[in-house]
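Put together the whole structure using the sequences plus the hints.
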Amino acid sequence: MNNNEYSLLSLDLPNIDNFIDKDPLTVPPDASVQDVLTLINQVHSQANLPSYPIFTPDSTKVTQEQFSCVLIVQDLHLLGIFSMWDVMKLSIADIDLSQLKVVDVMTQPVITITQSQNHDMVMVMLVFCQYRVNYLPVVDDEGQLVGLITLKSVYEFLQWNHLRRINQKLDHNVLQNQEMQKFLTQAQENLTIQEKQHIVSEIDRTNVLLQKEMSERQRVTEAFQQSETLYRQLVESQTDVIVRTDLQGRLTFANTAACQTFGRSLDELLGQPIFEFFHPDDLPLTMENMRTLISPPYHLTVSEQRAVTVHGIRWLQWNVTAVTNEMGEVVETQGVGRDITERKQAEQKIREQASLLDITTDAILVRDLKGQILFWNKGAEQLYGWQADEAVGKNYKELFLKEILPQLETAYRQVIECGSWQGELQTITQSGKKITVETRWTLMLDEAGQIKSVLSVDTDITEKKQLQNQFIRSQRLDSLGTLASGIAHDLNNILTPILSSSQMLNLNFPHFDDKHKQMLNIIENNAKRASDMIRQILTFARGYNGRSIALQVEQLLLEIEQTLNNTFPKDIKINHKLSQNLWTILADPTQIHQVLMNLCVNARDAMPRGGTLSISAENLFIDENFVKMNLEAQVGPYVVITISDTGTGIPSVILERIFEPFFTTKDLGKGTGLGLSTVIGLVKNHGGFVNVLSEVGYGTQFQVYLPAVNDKIIQQTKKLELPNGNSELILIVDDETAILEITKTSLEDYNYRTLTASNGIEAISLYADNKAQISVVVMDMMMPSMDGLTAIRILQQLSPQVKIIGTSGVAADSQIAKTTDMNIHSFLRKPHTIDELIQAIHKALN
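Here the sequence shown stands for residues 742 to 1587, where the numbers follow the working numbering.
These aren't lab readings, by the way, just hints derived from the structure by calculation.
Please note that a few of the clues may not be correct.
Said to hold, decoys possible - Below, simulated DSSO-like cross-link-like pairs (lysine-lysine); rule was C-alpha separation at most 27 Å, straight line:
id, residue 1, residue 2
1, Lys1206, Lys1485
2, Lys1205, Lys1119
3, Lys1584, Lys1512
4, Lys1206, Lys1119
5, Lys1138, Lys1206
6, Lys1369, Lys1175
7, Lys1135, Lys1111
8, Lys1206, Lys1174
9, Lys1369, Lys1314
10, Lys1138, Lys1119
11, Lys1425, Lys1369
12, Lys1205, Lys1425
13, Lys1318, Lys1544
Unchecked claim - The calculated label-pair distances, taken between Cβ atoms and stated as ranges, are:
id, residue 1, residue 2, range
14, Lys1314, Ile1202, 37 to 45 Å
15, Ser1006, Thr779, 50 to 58 Å
16, Asn859, Val1071, 39 to 47 Å
17, Asn1060, Leu1110, 31 to 39 Å
18, Ala1129, Asn1465, 31 to 39 Å
19, Leu1024, Asp1187, 40 to 48 Å
20, Ala1291, Asp1490, 18 to 26 Å
21, Arg1154, Asn1465, 51 to 59 Å
22, Arg1154, Glu1188, 21 to 29 Å
23, Gln1537, Pro1021, 46 to 54 Å
24, Pro1021, Ser832, 42 to 50 Å
25, Thr1042, Asp1022, 14 to 22 Å
Keep in mind that this is a model prediction, so the values were computed, not measured.
Beta carbons: idealized from backbone N, C-alpha and C, even for Gly.
Written as structure tokens, this is what we have:
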């Protein structure tokens, strides 16, 4: 401070406490610039501030209306100051204020004065003039903010007498310092010369730098032009579509490939909305993608979209990226689209070809060399039970039983060695059912000729094999009959003289003692027994031409029942169930009596500890569907006589041989093995056939089918019209594919809709999904995975009102007895006719 300034301080003027603003505007350092400007505007709108001169950084004075500032304070300590001058500088620099904090743009360090120094008005004005500031914060000795002095507050407090005293003092000081003024003037001139020399030097240096900068800019411009040329050549050489759009979707750039794809010139494309080139169905997704691009990560891959061009619909696969400016704002979008129309057409062709594969009922599957399944058609789903999503990706070893794997492995080795293989395989379905398939395996090669997979085409021949087995068994029985007939003829020739001789000896030598007569009687009796056996053999072999008459089956069965009640053990209960108005058959009563008695005796022997023997008879008209399931049946009316027991049952291994002559499981001396062979011979001689159903531990059922011959019956049966359905939905549940297909076709012929399930689990799933639509459930009682009884209980839990018709091929009445308390509407024994099923469904619905 010089002497003049010190002399001014000796004047009696007010100190700073008189014009300090102790409540200035303050904000924390993390306040946004926008919030600070809002605060300043609020203060301006609430106060009418007069004009007053302010200092600017270029040392000029201006008059500013409503000029203000805020102080940036943290923990009462002053960090900086922010004024409207700072706002003007930021606006000139074109800086976006919306993202800035006040700490980023405040002025620092700040010129301050200390309250304890007791400054007066002159000192404060000197500070304002010396530092060219408009605001002067006041702090205490600890550096904490006390208040703010502004030029406005000084001018408002300044009075005329204050100015007069200051002016008088200044005039006095000027007279005393004229010599000093001369010295200062000379020094000022010297300083001006030095400053001009410095300015010239700076200009020269600036020129050099400017020349360098211009050269660098020229180089950058040429490099940019070269880069732009390379970029355009690269873009134009691309076969992919490359376009750019503004945020309104208008095209701002399109390469040659885009023009060719859309069939438009560049002038026709630029400025057009890109949305008009997209298929209407894809527009919602396109609009959503545009909205997604304006936020991170600013990139999007669109798998497939259709473009509408002058050439028709084209499929494009897009990669779209947002284009941002220096501030990180999205200004455009750029898309690169690859034309995948040919690929889509190829895929469509493959799908069409695959759909053809699904039409076939054969199972078609493809697996790689490791056995992993790659393809599984609808036919495979129907045949094996696994859906495509369950089978594809799994190894075939996971789907088939271990016991049949060696057979598959053998076929696999042969197809690798020879390129193809064809044969029969015993395989298994999802439900555990064993089936026989005729399969053709072929190697699939890649473009290099290397083995990549194996194609299998499987045809279910289970039913065909069963019919073949029936035919072979019938041929075997016929062969045995022919053999037995020849043996019987020779035996009769041998027995005839033996029997005749024994009888003649008894007549011609009456004096023989008792011992010799007894020996002759033994010879005669055994010869007669042998003759009876031979007669049975001949009956089996070629039938017995007995006397056939019109026979009422009901009366014959009642006589047999009476005989059984009188002769069989009391621990065997005899039941009968005879339908009313049984049809008439043309038969030999003696032979039919022999057939039924033979079956009843076998039933008795199967129940050594007692049980129930049931005899039933009913009318049955056999239709085409029934014939398909039984090789020996013919279309027409039959009377079905059923003999069933609750005995030990017959194992499946033995069941195949029970009709063979001399085959018996009884102890020596208790059976000849001709009983059942005679039964089947006599029944066939009457144009009928026999079905056997047995379950070990539950019993056996023999069904004797004898044709009814009354013409009136046949005519009445043909005229019988079964009731048609009203498009009711019927759920058919059976593990036999042939039965499912035949039943489904038959019901649909009678105007019913159908759903089919191959096991109880699938039936429950289908019923749960279609409970409201299903009217009747036709349920097989014996199935793998989940039997019919269990499935019925679960269905009744889902819907107590469910209508169920049970079917079973098991002979034992115990199977039917289990269903008596389950509210089953009807129970049909297999094989049943479509007539019986339609009537049962009609009865359940009505």
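> Does the structure keep Lys1206 and Lys1119 at a Cα separation of 27 Å or less?
Replying inline: holds, 23 Å
> Are the Cα positions of Lys1369 and Lys1314 separated by 27 Å at most?
Replying inline: violated, 36 Å
>> Holds or violated: Lys1318 and Lys1544, Cα atoms, limit 27 Å.
In response: Answer holds: Lys1318 to Lys1544 is near 25 Å, not above 27 Å.
>> Can you confirm whether the C-alpha distance between Lys1138 and Lys1119 stays at or below 27 Å?
In response: holds, 20 Å
> When you take the CB atoms of Arg1154 and Glu1188, is the distance between them in 21 to 29 Å?
Replying inline: About 25 Å separates the Cβ atoms of Arg1154 and Glu1188, which means 21 to 29 Å holds.
> Given the proposed pairing of Lys1425 with Lys1369, does the C-alpha separation stay at or below 27 Å?
Replying inline: holds, 19 Å
> If you check the beta carbons of Leu1024 and Asp1187, does the distance land in 40 to 48 Å?
Replying inline: Once the Cβ atoms are compared, 41 Å apart, the range 40 to 48 Å for Asp1187 and Leu1024 holds.
> Quick one, are Lys1206 and Lys1485 close enough, alpha carbons at most 27 Å?
Replying inline: Distance of about 22 Å is within 27 Å: holds.
> Does Lys1512 lie within 27 Å of Lys1584 when you go C-alpha to C-alpha?
Replying inline: Holds, at roughly 20 Å.
> Do the beta carbons of Ser1006 and Thr779 sit within 50 to 58 Å of each other?
Replying inline: With a Cβ separation near 52 Å, Ser1006 and Thr779 satisfy 50 to 58 Å, so the hint holds.
> Is it true that the C-beta distance of Gln1537 to Pro1021 lies inside 46 to 54 Å, as the hint says?
Replying inline: About 51 Å separates the Cβ atoms of Gln1537 and Pro1021, which means 46 to 54 Å holds.
>> A range of 37 to 45 Å was offered for this pair. Does it hold for the Cβ distance of Lys1314 and Ile1202?
In response: The hinted range 37 to 45 Å holds for Lys1314 and Ile1202, with Cβ atoms some 44 Å apart.
The structure fails hints 9, 16, 20 (numbered hints given earlier, in ascending order).
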